[in-house]
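Enquirer: Fit chain B to the known structure of chain A by using the hints.
These protein sequence lines are chains A and B, in that order. Per this note's numbering, the first sequence starts with residue 91, numbered consecutively. Per this note's numbering, the second sequence starts with residue 91, numbered consecutively.
Please keep in mind that the hints were generated in silico from the structure rather than gathered at the bench. As the structure is a prediction and not an experimental result, all values here were calculated from the model. One thing to keep in mind: the hints can contain errors.
Any copy will do: because identical chains look the same in the list, a pair fits if it lies in one copy or spans two.
[Unchecked claim] Simulated crosslink set (SDA-like; lysine to any residue; CA at most 20 Å straight-line):
1. K292 with T226
2. K292 with G263
3. K141 with D205
4. K274 with D161
5. K141 with D298
6. K279 with D161
7. K270 with V286
8. K279 with V164
9. K141 with D239
10. K148 with D203
11. K141 with D267
12. K274 with V164
13. K292 with D266
14. K292 with L262
15. K279 with E163
16. K292 with T261
17. K274 with S162
18. K270 with V164
19. K100 with E220
20. K292 with V264
21. K148 with R312
22. K227 with R312
23. K119 with A145
24. K292 with D239
25. K141 with F287
One letter stands for each residue in the lines below.
Number of protein chains: 2
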Amino acid sequence: MKEYKIIEVKRSVFADNDADAARLREELKEEGTFLLNLMSSPGAGKTTLLKRTIALLKDELNIGVMEADIDSEVDAQAIAAEGVRAIQIHTGGMCHLDADMTRQGLKEFGTQDLDLVVLENVGNLVCPAEFDTGSTKNAMILSVPEGDDKPLKYPLMFTVCDVVLINKCDTLGVFDDFDKDAVKERIRKLNPNAEVFYVSAKTGEGFDGWIEWLRGQIQAYRQ
Amino acid sequence: MKEYKIIEVKRSVFADNDADAARLREELKEEGTFLLNLMSSPGAGKTTLLKRTIALLKDELNIGVMEADIDSEVDAQAIAAEGVRAIQIHTGGMCHLDADMTRQGLKEFGTQDLDLVVLENVGNLVCPAEFDTGSTKNAMILSVPEGDDKPLKYPLMFTVCDVVLINKCDTLGVFDDFDKDAVKERIRKLNPNAEVFYVSAKTGEGFDGWIEWLRGQIQAYRQ
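Bound conformation, chain A alone (with noise of 0.2 Å):
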């Protein structure tokens, strides 16, 4: 029997989304859950990542978790396995989720009796970076093997994103054009006030600052 459901979701009636957005954060806020949205490029470690977070947090949140994806069901059956609320969204071909494609699994989720819900975006960096998925805050990971040139590709990504995990860093030895302090001056550049911080979802190493900062983050959310 299967820990988790899947959803369809349907595209967006709204044409305003960013107003559909700042609606959907509204009745979070009311509710007291905070939504992150959590966007990489395919395979950067979202996953992997979360299962970690999800090991530290569990103990003194509720978390739910909602993967999104074109097709499968491997990432849910992953978070199930944790032990956590999952549900695996299917966007029928969209590259992105919106607010109200986010609100309809929210729905069917059920999100009253959870502190933190995280949307596990579709494994892009464009698309999901145009539309505001109605979330608390925005984290983006970009993986040492893509390269420390991507803040120049992918400029709106790292523009949207209040918290950027570079991850894989214990594979730093192996990809070593991976420029550390260009990479973080190039996200500053775009994004003054983003966090950065160096992580491996592989190994745990610097978890802590961004557990901290997450902590931090919610709390401050729920005052």
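Expert: Leaving out everything else, chain B in the frame of chain A:
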């Protein structure tokens, strides 16, 4: 002085992209220009792979490269440095190229004396798969750090490709959970005709098979 142009392409005015792509394919066939559409996630190694491919073929073929990106011109710079003709296409935020956008680039470029034009599409596994660019053949790169589950999550991309290059295979020792057989089986299930090559654009491993395949495709096309 720059050795490449930057073209800002406009969204297509044609409602039927498939018909337009078929027209473009005929136009290129008349000219004898082979158009390779190269797709992948951000950071899978398109430019590095292309540089090595150019070095191996530029003595026997006239090659041009169209670099499509949301922003920046780092790729066109890198390709122009290889001594082949390059242009940078800016998509104005769009996540893919369609046939008419490709035609706009080709027109600016001037392709009559070129045997092979490579279109380096926007780094994205979703949208470029949905739009026929008019290319002669489609190639995609899956890099080992992205993981072996990508055919499950982005099935359309693997379905539309004539060849899949599994790049960064020099890092299989680091990413030791990447299952070489499983990924091949997942690709074949979606697309039994796809050629699959393991390559490393960094070390040159596996390039014999890829270059031989590409050379054979171009020869067959021109007969």
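Enquirer: Hint by hint, say whether it matches the structure.
Expert: Hints and how they fare:
1. Taking the shortest Cα distances, K292 and T226 never come within 20 Å of each other, neither inside one copy (27 Å) nor across copies (40 Å).
2. In this homomeric assembly, K292 and G263 come within 20 Å of each other (Cα to Cα) both inside a single copy, at 15 Å, and across copies, at 15 Å.
3. Taking the shortest Cα distances, K141 and D205 sit within 20 Å of each other inside one copy (17 Å), while across copies they are farther apart (49 Å).
4. Taking identical chains as interchangeable, the C-alpha atoms of K274 and D161 lie at most 20 Å apart only when they sit on different chains, with a minimum of 18 Å there against 33 Å within one chain.
5. Taking the closest pair of Cα atoms, K141 and D298 come within 20 Å of each other only inside a single copy of the chain (15 Å); across copies the shortest separation is 40 Å, beyond that limit.
6. Taking the closest pair of Cα atoms, K279 and D161 come within 20 Å of each other only across two copies (15 Å); inside a single copy the shortest separation is 35 Å, beyond that limit.
7. For the homomeric pair K270 and V286, the shortest alpha-carbon distance inside one copy (11 Å) is at most 20 Å, but the shortest distance between copies (33 Å) is not.
8. When the C-alpha separation of K279 and V164 is checked against a cutoff of 20 Å, the pair qualifies only between copies, where the shortest distance is 17 Å, while the shortest distance within a copy is 36 Å.
9. Taking CA atoms no more than 20 Å apart as the test, K141 paired with D239 passes between copies only; the shortest distance there is 17 Å, against 27 Å inside one copy.
10. For a Cα distance limit of 20 Å, the shortest separation of K148 from D203 inside one copy, 13 Å, qualifies, whereas the shortest one across copies, 62 Å, does not.
11. Proximity of K141 and D267 under a CA criterion of 20 Å is satisfied inter-copy only: 17 Å between copies versus 29 Å inside one chain copy.
12. In this homomeric assembly, K274 and V164 come within 20 Å of each other (Cα to Cα) only across copies, at 18 Å, whereas the closest approach inside a single copy is 32 Å.
13. Both within a single protomer and between protomers do K292 and D266 lie at most 20 Å apart by alpha-carbon distance, with minima of 19 Å and 12 Å respectively.
14. Taking identical chains as interchangeable, the C-alpha atoms of K292 and L262 lie at most 20 Å apart whether they share a chain (13 Å) or sit on different chains (15 Å).
15. Taking the closest pair of Cα atoms, K279 and E163 come within 20 Å of each other only across two copies (17 Å); inside a single copy the shortest separation is 37 Å, beyond that limit.
16. Taking CA atoms no more than 20 Å apart as the test, K292 paired with T261 passes in both settings, with 10 Å inside one copy and 15 Å between copies.
17. When the C-alpha separation of K274 and S162 is checked against a cutoff of 20 Å, the pair qualifies only between copies, where the shortest distance is 17 Å, while the shortest distance within a copy is 34 Å.
18. When the C-alpha separation of K270 and V164 is checked against a cutoff of 20 Å, the pair qualifies only between copies, where the shortest distance is 18 Å, while the shortest distance within a copy is 32 Å.
19. When the C-alpha separation of K100 and E220 is checked against a cutoff of 20 Å, the pair qualifies both within a copy, at 18 Å, and between copies, at 18 Å.
20. Within a single copy, K292 and V264 get their C-alpha atoms as close as 15 Å, and across copies as close as 11 Å, so both meet the 20 Å cut-off.
21. Taking the shortest Cα distances, K148 and R312 sit within 20 Å of each other inside one copy (17 Å), while across copies they are farther apart (61 Å).
22. Taking the shortest alpha-carbon separations for K227 and R312, only the intra-copy value of 13 Å comes in at or below 20 Å, while the best inter-copy value is 54 Å.
23. Taking CA atoms no more than 20 Å apart as the test, K119 paired with A145 passes in neither setting, with 25 Å inside one copy and 57 Å between copies.
24. Taking identical chains as interchangeable, the C-alpha atoms of K292 and D239 lie at most 20 Å apart only when they sit on different chains, with a minimum of 17 Å there against 23 Å within one chain.
25. Only within a single protomer do K141 and F287 lie at most 20 Å apart by alpha-carbon distance; the minimum there is 17 Å, versus 32 Å between protomers.
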